[in-house]
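As you go down the protein sequences, you meet chains A and B in turn. If you use this note's numbering, the first sequence closes out at 367, no skipped numbers anywhere. If you use this note's numbering, the second sequence closes out at 250, no skipped numbers anywhere.
Hints may be right or wrong, so weigh each one.
Computed cross-link-like contacts, DSSO-like style, restricted to lysine-lysine with a CA-CA straight-line distance of at most 30 angstroms [said to hold, decoys possible]:
#1 K325(A) - K302(A)
#2 K190(B) - K302(A)
#3 K208(B) - K190(B)
#4 K167(A) - K247(B)
#5 K287(A) - K247(B)
#6 K208(B) - K247(B)
#7 K325(A) - K167(A)
#8 K167(A) - K287(A)
#9 K325(A) - K208(B)
#10 K302(A) - K287(A)
#11 K302(A) - K167(A)
#12 K175(B) - K190(B)
#13 K167(A) - K208(B)
#14 K208(B) - K287(A)
#15 K247(B) - K175(B)
#16 K80(B) - K175(B)
No wet-lab data here; the hints were simulated from the structure.
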Amino acid sequence: MAYQWDFTPVLANAPLLVQGLLNTLKVTGTSLVFGLALGLALALLRLSPRRAFAWPAGLVIEVFRTTPPLVQLFWFFFALPLLVGIEMTAFMAAVVTFSIQSAAFFAEVFRGGIVSIERGQWDGARAIGMNHAQALRRIILPQAVKRMIPAFMERAIELMKTTTLVATISYADLLFAANEIAQKTFRPLETFTVAALIYFVVIFAFSLIAQLLERRLAVSGESTVH
Amino acid sequence: MRWDFASVFANTDALLAGAAGTLRIFAICLVLGLGLGLVVGLGRYARTKWLYLPATAFVEFFRNTPVLVQILWFYFALPILMPFEISPLTAASLGISLNSAAFSAEIYRAGTQSIDRGQWDGARALGMRWGQAMRRIVLPQAIKRMLPALTNRAIEIFKMTTLASAVAYVELLQQGKLIASLNYNPIEAYTAVAVIFLVFLWPLVQFTYVLERRLKRDE
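Pulled out of the complex, with its shape left as it was, chain A reads as follows:
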C-alpha cells in the first residue's frame, strides 16, 4: 500500500510555521547577544591573573559545557523559579539557559583568540602608555575578534539548532508549531518533513555564509578554525 502524500493541510497552516520560525529566530538572536557579552566577560575573568576571578569563571564555563543543555533548560524552567520565587516564562527560561550555555562556549572562543595574539602587541601598547584595559580594547580585541569570526559563526549555528529544545517546555518555536500541526491534521509525515526542510534551508544558508567568510579570512591567514 503506497502512502498518499498530501501537503495541503500543512500549507493551510503555513502562518503557524512562519510564526514558529520567527520565534526560533527571536530566541536565537536574543541568546546570541547575551551569550556573546557574557562570554567575553567570562573569558576576561578566566584570563585574569587573580585566582578569585579566574577560578569561578572556569567553573561556570566547565559546568555549562559539560552538562546537557536540556537538563539546564529544565533546571532553569522548573527549579530556579521555585528557588528565587519569580515567575519564569518559557521564553525567559530559554534565553537564560541558552545565553549562559552559549556564553560558556563563546568564552573559550574569546580566550583562544585573545591568547593567540602575540606578546609583542601587548608590549607595544604598554610602551605607548596604554593601561591593560585600553590595550585590550584598542589593540588586542580588534585583532582577536577577526580571527574568531569563523568559530563564532559555527557556535551561532549550533545555538540555533539547540533552540529547538524550547519546544519541550511548550514555547511556540518552529518545532513546537510543527508538533501542533501534526496532531491537528493527522499529517505528521508531511509536517515534520516540511519543518525539517525549513530548518535545513535556514541553517544551511547560515553555514554557507560562514564557509564563505572562513575562506576569505583563510586567504588573509587570519583564522583560528582548525
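With chain A held as given, fit chain B onto it using these hints.
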C-alpha cells in the same frame, strides 16, 4: 526554601534505571555514529562522484538540521512509511546516530586529509593497494590526530542522549521528570540529574584536555 535530597535518594532505583537507559543509548549511538561516520567519511574522500555526492548530501543534511527534529521525524513521521512500529529507543538512536555520523565523518575526512601525500606514495611504492594503504598506513596515523575530536564527539553524544526523553525513552532526564512530578521537588530532582551528568562527563572532558595537550606537544 529548604533543600531536601531525601526525596531524591528515596528514588535511587528510578535514577539507576535512568542511568542504565542513558548508558545503553549512549553505547548504541557511539558505535553506530562513529562506525557509520567512518563509512561516510571515506565516501566523502572518494574520487567517484557516485560515492562522493551521496556522502556529501548526507553530511550536509544531518549537520544542518537539529537533532530533536530528526528524532521526532523518526518517531512520528517514519512509522507512516513503514509497516512496523518504531520504539522511542529506535527513533532516538536513529536521530542521534545519523547526526553523529555526519559530524564524525568530517573528523575522519579532515584527519585523513591531514596525512602527508608522501605516506600514500610510500605505501604505493611498496605495492599496497588503496585499501591497504588506507588501513595500514594512513588511518593508524590519522586516528591519533583525530582522537581529541572523536572524544569530544563522544561527549556530545552523551549529552544528546537527553533528547530521547522527548519521546519518553527511559533515561536519566526522563526519570528526573518523573521524580519531580511525583514528589513536587523539581529543584532537587533536576539538580541531582545535572550532578549525575557532571560525574559521568567531567572525567571524559579532562581526558580530552590531556589528549589535546599531548597532541599539541607531539606535533
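Going through the hints against the structure:
With a C-alpha separation of about 25 angstroms, the suggested pairing of K325(A) with K302(A) holds against the 30 angstroms cut-off. Note on K190(B) and K302(A): the hinted pairing holds, with a Cα-Cα distance of about 14 angstroms set against a maximum of 30 angstroms. Restraint check: the Cα-Cα separation between K208(B) and K190(B) comes to about 17 angstroms, which is no more than 30 angstroms; the hinted pair holds. The straight-line distance between the Cα atoms of K167(A) and K247(B) is roughly 39 angstroms, outside the 30 angstroms bound, and the hint therefore fails.
Using a Cα cut-off of 30 angstroms, the hinted pair K287(A) and K247(B) holds, with the two alpha carbons roughly 23 angstroms apart. Taking the CA atoms of K208(B) and K247(B), the gap is near 42 angstroms; set against the 30 angstroms cutoff, the hint is violated. Our distance criterion of 30 angstroms between C-alpha atoms is met by K325(A) and K167(A), whose separation comes to about 25 angstroms. With a CA separation close to 26 angstroms, the supplied pair K167(A) and K287(A) stays within the 30 angstroms bound.
Between K325(A) and K208(B) the CA atoms are separated by roughly 26 angstroms; this keeps the pair inside 30 angstroms, and the hint holds. Only pairs whose Cα atoms come within 30 angstroms are accepted, and K302(A) paired with K287(A) is accepted, the gap being roughly 24 angstroms. Of the supplied pair hints, the one linking K302(A) and K167(A) holds, its CA atoms being roughly 13 angstroms apart against a limit of 30 angstroms. In summary, the hint linking K175(B) to K190(B) is supported, as the alpha carbons are separated by about 24 angstroms, within the 30 angstroms threshold.
Of the supplied pair hints, the one linking K167(A) and K208(B) holds, its CA atoms being roughly 27 angstroms apart against a limit of 30 angstroms. Between the alpha carbons of K208(B) and K287(A) the distance comes to roughly 43 angstroms, so the proposed pair goes past 30 angstroms and is violated. Distance restraint check for K247(B) and K175(B): the Cα-Cα separation of roughly 11 angstroms lies within the 30 angstroms cut-off, and the hinted pair is therefore satisfied. This hinted pair checks out: K80(B) and K175(B) have alpha carbons roughly 28 angstroms apart, not beyond 30 angstroms.
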